[in-house]
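Position 134 of the sequence shown, counted from 1, bears residue number 242 in the numbering used here, the numbering being contiguous throughout.
Just so you know, these hints were derived from the structure itself, not from any lab.
Take these hints with a grain of salt, some might be off.
In silico DMTMM-like cross-links for lysine to aspartate or glutamate, where the CA-CA straight-line distance does not exceed 20 Å [claimed, not checked]: (1) Lys220 / Glu267; (2) Lys172 / Asp298; (3) Lys202 / Glu218; (4) Lys190 / Glu233.
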Amino acid sequence: MRTLQSILFLIFILVAIAIPKSQAIAQSRPIEKDGYTFVPITVLDGDTIPNVLIPQVVVFPQRKFASKRDYRQYQRLVRNMKVVYPYAQVAKYKISEMEVHYRTLKTDAERKAYVKQVEKELREEFEDQLVKLTISQGRLLIKLIDREVGKTTYSVIRELRGGVSAVFWQTIARIFGSNLKTEFDSVGEDKILNEIIILYEHGLI
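With the hints as extra help, turn the sequences into a complete structure.
Next up, the structure:
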């Protein structure tokens with residue numbers, strides 16, 4: 109029987125090689141060259157206008173803890189988030205990276221070969237790391253995948269492998285106390301976690 113960590117690795121592979129139907133949108137950023145800063149531009153009614161994304165300023169009230177135990181739990185959540193967040197990002201950006209190339213493939217055979225190639229590359233790069241995740245980190249990764257990719261791991265498996273496979277993996281995950289249908293609730297259960305992620309994304313923790 110595979111451990112939950114191994115199962116999560118397989119799920120990660122499925123998410124990372126999922127091909128979305130919508131087109132990925134790239135963000136333009138300033139470019140530094142020869143001591144000058146070149147910014148993106150937009151031409152509007154014949155006028156050339158700089159088009160620069162202003163960084164978001166994040167401000168949260170200072171968090172207070174009712175006990176040392178609450179503080180330790182918060183710090184543990186921060187540590188676990190820092191461990192699994194990069195993997196959720198890989199899943200999200202791998203989708204965007206694959207999008208353009210996948211759309212150029214003409215046949216199902218070419219698409220299957222490409223997906224197989226990507227799966228092999230992901231296994232070589234991430235398998236040893238992902239199977240070492242703790243159960244808590246694995247559950248957190250399931251939530252972050254939903255946050256970053258926009259769909260639950262259960263939905264991804266159902267779309268790629270069918271309902272039978274989705275039910276099978278969900279059953280195995282439930283045996284280990286996890287739920288592949290878990291959604292990220294940024295204003296409810298996962299409000300604190302979402303705050304931590306935003307702070308992390310802005311380099312504040």
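Against the structure, the hints:
1. A threshold of 20 Å between alpha carbons decides the hint, and for Lys220 with Glu267 the separation of about 15 Å falls inside it, so the pair holds.
2. Of the pairs offered as hints, the one joining Lys172 and Asp298 holds, with about 17 Å between alpha carbons and a cut-off of 20 Å not exceeded.
3. At most 20 Å may separate the alpha-carbon atoms for a hinted pair to count; Lys202 and Glu218 meet this at roughly 18 Å.
4. Of the pairs offered as hints, the one joining Lys190 and Glu233 holds, with about 18 Å between alpha carbons and a cut-off of 20 Å not exceeded.
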